[in-house]
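Turn these sequences into a full structure, and let the hints guide you.
Protein chains: 2
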Amino acid sequence: MARSEESLAGGRAYRAFDVDSVKEYVAGQEEVAERLGTKTPGEMRAREVGDGNLNLVFIVEGPGGAVVVKQALPYVRLVGDSWPLPLERAYFEWNALTRQAAHQPHRLPRLFHFDALNALIVMEYLTPHVILRKELIAGKRFDHLAEHMGIFLAETLFHGSDFHLDKAKKKADMALFADNVELCAITENLVFTEPYFDAPLNRWTRPQLDGPARALQSDRAVKVGVQEMLYRFTTKSEALLHGDLHTGSVMVTGSDTRVIDPEFAFYGPMGFDIGAFLANLFLAYFAQDGHEARPDERHTYGEWLLETAENVWSVFSETFARLWREERTGILYARALFEDAGDETGATIGLHRFLGGVFEDAVGFAGAKMVRRLVGLAHVEDMESIGDPDRRAACEVKALLMGRELLVNRTTFGDIYGLSCLARAIRRERNLL
Amino acid sequence: MARSEESLAGGRAYRAFDVDSVKEYVAGQEEVAERLGTKTPGEMRAREVGDGNLNLVFIVEGPGGAVVVKQALPYVRLVGDSWPLPLERAYFEWNALTRQAAHQPHRLPRLFHFDALNALIVMEYLTPHVILRKELIAGKRFDHLAEHMGIFLAETLFHGSDFHLDKAKKKADMALFADNVELCAITENLVFTEPYFDAPLNRWTRPQLDGPARALQSDRAVKVGVQEMLYRFTTKSEALLHGDLHTGSVMVTGSDTRVIDPEFAFYGPMGFDIGAFLANLFLAYFAQDGHEARPDERHTYGEWLLETAENVWSVFSETFARLWREERTGILYARALFEDAGDETGATIGLHRFLGGVFEDAVGFAGAKMVRRLVGLAHVEDMESIGDPDRRAACEVKALLMGRELLVNRTTFGDIYGLSCLARAIRRERNLL
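Protein chains in written order, with UniProt numbering: chain S, 1 to 433; chain Y, 1 to 433.
Simulated from the structure, these hints should not be mistaken for lab results. Check the hints yourself; a few may be wrong.
Copies of the same chain look alike in the list, so a pair counts if it fits in one copy or across any two.
Claimed, not checked - No more than 25 angstroms apart at the CA atoms, straight line, and that leaves these computed lysine to aspartate or glutamate pairs for DMTMM-like:
#, residue 1, residue 2
1, Lys134, Glu182
2, Lys39, Glu24
3, Lys167, Asp289
4, Lys169, Asp179
5, Lys134, Asp210
6, Lys167, Asp198
7, Lys169, Glu182
8, Lys169, Glu327
9, Lys167, Asp81
10, Lys39, Glu327
11, Lys169, Glu88
12, Lys167, Asp296
13, Lys169, Asp244
14, Lys167, Asp415
15, Lys167, Asp143
16, Lys140, Asp166
17, Lys169, Asp388
18, Lys169, Asp51
Right, dumping it as structure tokens:
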């Protein structure tokens, strides 16, 4: 469905909903009303639960069930209308969700309705799911998390790449998402640029982190490193990405995992999604010391976080290898040159050379994603919830050091286990402040 | 001007011109008629001179001057209507020409008129210019060629990249050219895929090259190498490329150089344009032995070809470095992190790390471009004009060996002088057949 078609339909205009008008709205959507078990707004309850920066999120409940209504606002909610943001991001989110749903529907909320005019998506109300980040702060483990995320990453990234897609379809889709300029610009600025100079929106735990934050801004190797990652972000049209895959974009129960909020979707480097998730596991790891009631209380939990990072990569890699063998239908590594010519070995060598490049990208992007959460505009609750600023800064400076190393030495680490070693070594360091 | 707007205008339809109707057509274009010095078809002379595979090319002369009319045909001319090809390529060619003209107008034909409906461009008739490839076969030197081409490459590639372009403009432009699917597919198939398996359109000097051509198809390292270059071709949206920059796309006089025919334009890796030109210089180099009347007669001319390749790269590199310093206005390597923070050194390190990557790409793409001209569908006149098949094959097998080495060992050669050394060593090899 074209944006223009929708947004001009019937001369109607966008309006932001509230807890009353959203009920009237869903009452008029047949499929949604059916799910709620009523067409009468008076039989519904609605509440606004958005804790993000960019959107309104309503939960609407009826006698038969509940749905989530996510509506884009025309500005960054946190900052107000001084920072406008295009409503079209709901269109990109919907397009990303439907593409992910073709391969991993059980890892997403069920999708009920898209309204381009009102920049709004109606989807499953996930319950009893909770945001993964909050559970990691609470020290909870999820036995299937790594497997679910590794498979989700491999399935969505492989199927959204030239290894699988028809070439014309991939180019057309890349062109569609190339229009998601403003959300890419948020990443380009806030992740890759502003933390590395004296930008007005930067913030950090002051004065404890003043020294390390300033040091970063005059660290030539890290600046070149992060610009090389920005270069890959802007030029490597490798696969359709989620684009913002941190632990706040994942909802979990003891047995289930769902990925939400792909409004930053575009065709970019696979390592960006993988690195984003790893970065947030490492941030959680370094935050654990700040959440301990007794020394070393969270030690084994920290090890579980590192193990989860290791398993995300290994499951991703194994799943990607299987898809490479079984569903490689795109223009890259055509079977005519390899399997059909009796040379499966050549294809396997190509695969692992490719995965080596994805890993290097993931390491570099993980570094960039860690740094920006410590000295840029947007921080993570893992750290922010550590009340004592000295204690918080002690955690943050270690995470910052790891982020720097990943950016500068991204070719040094040949496998995911090297990253765990690095994290442990940095955690044991003393006198960093 | 949107394609759809034009092609639907007034219910008119595309028609292929002939030497009569093309005169009537240009008579109706005021600016063109003015240039010809007449509005009367009877006062014009027209001839069809297209020697390419895809288009009609007319020269129309009047009492006041002459123009070239280049019209796309809806099929590959060489093969006939069994191989359809979209007329929209004239639209991409026009869009590429106008973008190149913003920075290098004196290296292009002057542009007079674009007609999307008839897939037609009217441009300057270049005279006394001749196609560079024919002059290289004839053993002629062009003192300014390397400088002109190095500057052209740097100016067009730098200004068509995220180093210079506004990010929204770059993304929109990338989306526009992403639609040039069919011409990219020709490259994807004929350059990167078909020469490496038993594809029906492949041809080579038989039976002399049967062994080397078959060996290539079971050469695991070269197949992985060429697929890694295809991966970069399809995913590296680095800059707006010419897309087909061989020595048949360059017209020269003793003092002038013009680049024509960018209908394969799209956002791809800078190294592809550079590598294409270098590859054709190397093909010319290996063909020289086949054009000699006496042994070693063309030795110094061969050295001039290698020197030209060296100078193309060094002029490109120097010019790119100047543009990096003076016109770096895009989102990459923002000045706020470098020059504005007193760190020009960091920016310079970033530049040279970047150029190292472009060089590696250029080497790999040069290898792919050489191989496809020897054992794929489309060959080069440099070799085809060597009448004796044994003598031709002796030249071709050396060029094939060089292409293979560039694909497999593309990280081995640290600078352009290494490529000259390699070419000389291979030329001296004996008993390759």
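Ascending list of hint numbers which this structure does not respect: Hints 1, 3, 5, 10, 12, 14, 15, 16, 17, 18 are the ones this structure does not satisfy, whereas the remaining hints hold.
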